[in-house]
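Since the structure of chain A is provided, determine the placement of chain B on it from the hints.
Taken in order, these protein sequences are the chains called A and B. Count the first sequence with our numbering and you get residues 115 to 382, in order. Count the second sequence with our numbering and you get residues 33 to 244, in order.
Source of the hints: derived by calculation from the structure; they are not laboratory data. Hints may contain errors.
[Stated by the list, open to error] Distance windows between CB atoms, simulated:
1. A:THR179 / B:VAL220: 41 to 51 Å
2. A:VAL186 / B:TRP58: 26 to 36 Å
3. B:VAL233 / A:ALA196: 33 to 43 Å
4. A:LYS247 / B:LEU123: 53 to 63 Å
5. B:ALA67 / A:ASP245: 56 to 66 Å
Please read all numbers here as calculations on a predicted model, not as lab measurements. We put the CB at the ideal spot given by N, CA and C, even for glycine.
Chain residues, written in single-letter form:
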Amino acid sequence: MLKGKIREKAMSRQRKAPPGVDPNLLLNDAAKLMPARSRRLFLRGIVSVGALAALTGCDIIDGDTSESALRVISNFNDWVQARLFNPHTLAPTYSESDVTRPFRFNAYYSEDEAPDIDGSTYKLEIGGLVDNKKPWTLAELYKLPEVSQITRLVCVEGWSAIGSWQGVRLSDFLKLIGADTRAKYVWFQCAEGYSNTIDMPTALHPQTQLTLKFDHKILPTAYGYPIRIRIPTKLGFKNPKYVTAMWVQNNDAGGYWENQGYNWFSGL
Amino acid sequence: MSSEAATTPMAPDSAAPSAAVIHPAWVRVTHWINALAVLMMIGSGWQVYDASPLFDFTFPPQIALGNWLAGALLWHFAAMWLLVVNGLVYLSLGIATGRFRKKLFPIRPREVMRDLSAALRGKLSHEDLSVYNAVQKLLYAGVLLAGIVIVLSGLSIWKPVQFWWLTDFFGGYNTARYVHFAAMTSIVAFLSVHIVLALIVPQSLRAMIFGR
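Next comes chain A alone, as it looks inside the complex (with noise of 0.2 Å):
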């Protein structure tokens, strides 16, 4: 069951990647970088289970096992996390001294193949529960009122760095296209075929940015040009680069890795 579903995640994930990028060469890359088990069970979600089973036998359901009772698990504390979030406990700012410089280039992949955006073309594609659906391009999105934070970024696994980042006030942005905020959650599609789901509480957080210049200048590729959406309460990978494309929804479309088995809401 657990499976079917992170296969159509996988597969609607297929489906919206941008054009130029083949899915099939992503979905190889992607599966390299992980580790053996790792990847079998990222491959498991591809394959029909049906077939799967029929060639593994008992594996199969002994991995199942512990995997799906550990995810049942991790479902709990998305829940706890949700009720432990607070909407106006702010996230510790710092001082311009604290930045971290350089500042770290973070990805599943190296930083030259990092996707190559280019600005003058680009839009922001704006879907679901919104009232205004009209594309963003950069120079109207650069024209909203600015606002600015220096706050650490949180990797899951374990490091961190001090950021100075400035843009638009996700909150502001929700208002602005006329979203229905009463909607679960905000979908984010990167360039890459990455891809983010957040729940609502955390879209409206005050320190929720959608971020277009890292340190007062427009984000380099490397920290996720043309735009990163910057969520100082939740862990990295819960901040996408590369941001194409925004939906408002009601249904929980997953993420890159939350779909590998990385939890859910992830929240600090």
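Relative to the frame of chain A, chain B by itself:
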């Protein structure tokens, strides 16, 4: 309890076995649940550590739990519930029944030195398992403290925004990671002594399983 038994020689038969109980059932049950939870927490914690090591070494994946970071995190954040709920039951009962006060305190430095030197010369008696020597008292109280520190520092790393004051208490996010690691190290050090001694004095292992 043993002194009570000694002063009532005419006690009915049913009172005799209960007088000999060294570890009541709640101690034994919480001890073994804790043992399981601690093993899962340490094993998965080592795998998590390897994703971003604090020092110049990593733990061999063969002795870590979870295969990769996501798997280890699933284990870590599942076993934490077992550790914390069981730990709270143990601490509450330990305080409420007076067991901690009776068994672990007072800890006198002079007695610790005396018993430590006796232990190192192999002359420390384990005749009466219901009474802890001063070194045992110090180690058991110390590992309780390490357990509290590891849970609180872990909470401060897990939720450095919601519990920012706790993270501040541990010296900020980065320092809290070192505190969490140091608490793990002290627990592992305790376990290596604890397990070796339990095997050298097997009647203590028996007492923790059957109560006497």
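Is the gap between the beta carbons of A:LYS247 and B:LEU123 within 53 to 63 Å? 55 Å, holds
Take a look at whether the Cβ-Cβ distance between A:VAL186 and B:TRP58 falls inside 26 to 36 Å. 28 Å, holds
Taking the beta carbons of A:THR179 and B:VAL220, is their distance inside 41 to 51 Å? 29 Å, violated
If you check the beta carbons of B:ALA67 and A:ASP245, does the distance land in 56 to 66 Å? Given a distance of about 58 Å, which is inside 56 to 66 Å, the answer is holds.
Okay, B:VAL233 versus A:ALA196 on CB: inside 33 to 43 Å? Violated, at about 49 Å.
The structure is inconsistent with the numbered hints 1 and 3, although it conforms to all the rest.
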